[in-house]
Amino acid sequence: DGGITQSPKYLFRKEGQNVTLSCEQNLNHDAMYWYRQDPGQGLRLIYYSQIVNDFQKGDIAEGYSVSREKKESFPLTVTSAQKNPTAFYLCASSLIQRAADGYTFGSGTRLTVV
Amino acid sequence: RKEVEQDPGPFNVPEGATVAFNCTYSNSASQSFFWYRQDCRKEPKLLMSVYSSGNEDGRFTAQLNRASQYISLLIRDSKLSDSATYLCVVNPKASGSARQLTFGSGTQLTVLP
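If you read the sequences in order, they're chains A and B. Position one of the first sequence corresponds to residue 2 (the working numbering), numbered consecutively onward. Position one of the second sequence corresponds to residue 868 (the working numbering), numbered consecutively onward.
Any given hint might turn out to be false.
25 Å max Cα-Cα, derived BS3-like pairs, lysine-lysine [to be verified]:
hint	chain 1	residue 1	chain 2	residue 2
1	A	72	A	15
2	A	58	B	946
3	B	909	A	10
4	A	10	A	71
5	B	946	B	909
6	B	912	B	946
7	A	72	B	869
8	A	71	A	58
9	B	912	B	869
10	A	71	A	15
11	A	84	A	10
12	A	58	B	912
13	B	869	A	10
14	A	58	A	84
15	A	72	A	84
On the chain A side, residues computed to face chain B include the following (Cβ under 7 Å) [said to hold, decoys possible]:
hint	residue
16	28
17	40
18	106
19	109
20	113
21	114
Calculated from the structure, these hints are not laboratory results. The structure displayed is predicted, hence computed values, not measured ones. Glycine residues also receive a C-beta, built at the ideal position from the N, C-alpha and C atoms.
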C-alpha cells in the first residue's frame, strides 16, 4: 500500500545536539512538506519542496534544514539553533496538479528535548 | 488576524446530536478548502474537500460561503467515534504550484454516551 512513513515515532534530543527526522513516500507525489504542531495549536509550515534538489522555507524555518535528493525522501534536521524543538513533527505530500486531493500525512515524530 | 480562525471548543454533545463547526479565512483569493480530522496524538486525515456548491458525505455536510469567507461543517447523528479535533484548512493557491495549506487551530469535539 502507498503511503508516507516517518521515523522514528519518538525521538529524544539532548541540548546542543542535531537530530534528523526521516520521511519517505511511495505515492509518487511531487511535493513534500514539513509541519510542526505544538499542543493546542495549528500546524505551522517549516519547509516544503516541489521537486528534487529544490526546497523553500516556510513560516518557521529558523533552526531547521532539509534536503530533497530523491523524490521519495525529504528528511528534516533539527539543529542546535532551534531553541524550542519539543513538538510533534508531521511530514506530508501532495500531487501538485490535484488541488482537491489535499495532503497525505505521515504518522508523525514526537521530539522531546531532555 | 489569523489566516484561518476556528472556535477551539470544546464541543461536548450527546450521541445522536447534530453539531456544526464554523471557520473563517482572511485571504479572499483562497482556492481550495478542506476539513481534516485529527485524533489525539495522531496525524491529520482528510475528512472532506469543500466545494462552492456545498457537498455531503454521509452524515457530514460541508458548506462554503466565498462572499463571507466562511466555511462550515455539519455532523448529523453524532457517534462516539466522531470524537476528535476538526481542522479547517485553506489553500490560497491554484493547482500548478506546491500548495501551502494553512491550517486552523482546530475545534475539539467530544461525543458523550
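Evaluation of the provided hints:
no. : hint          : verdict
1   : A:72 x A:15   : 31 Å, violated
2   : A:58 x B:946  : 40 Å, violated
3   : B:909 x A:10  : 11 Å, holds
4   : A:10 x A:71   : 22 Å, holds
5   : B:946 x B:909 : 19 Å, holds
6   : B:912 x B:946 : 18 Å, holds
7   : A:72 x B:869  : 33 Å, violated
8   : A:71 x A:58   : 18 Å, holds
9   : B:912 x B:869 : 22 Å, holds
10  : A:71 x A:15   : 29 Å, violated
11  : A:84 x A:10   : 21 Å, holds
12  : A:58 x B:912  : 24 Å, holds
13  : B:869 x A:10  : 30 Å, violated
14  : A:58 x A:84   : 18 Å, holds
15  : A:72 x A:84   : 30 Å, violated
16  : 28            : 13 Å, violated
17  : 40            : 10 Å, violated
18  : 106           : 4 Å, holds
19  : 109           : 5 Å, holds
20  : 113           : 13 Å, violated
21  : 114           : 18 Å, violated
When each numbered hint is compared with the structure, violations occur for hints 1, 2, 7, 10, 13, 15, 16, 17, 20 and 21.
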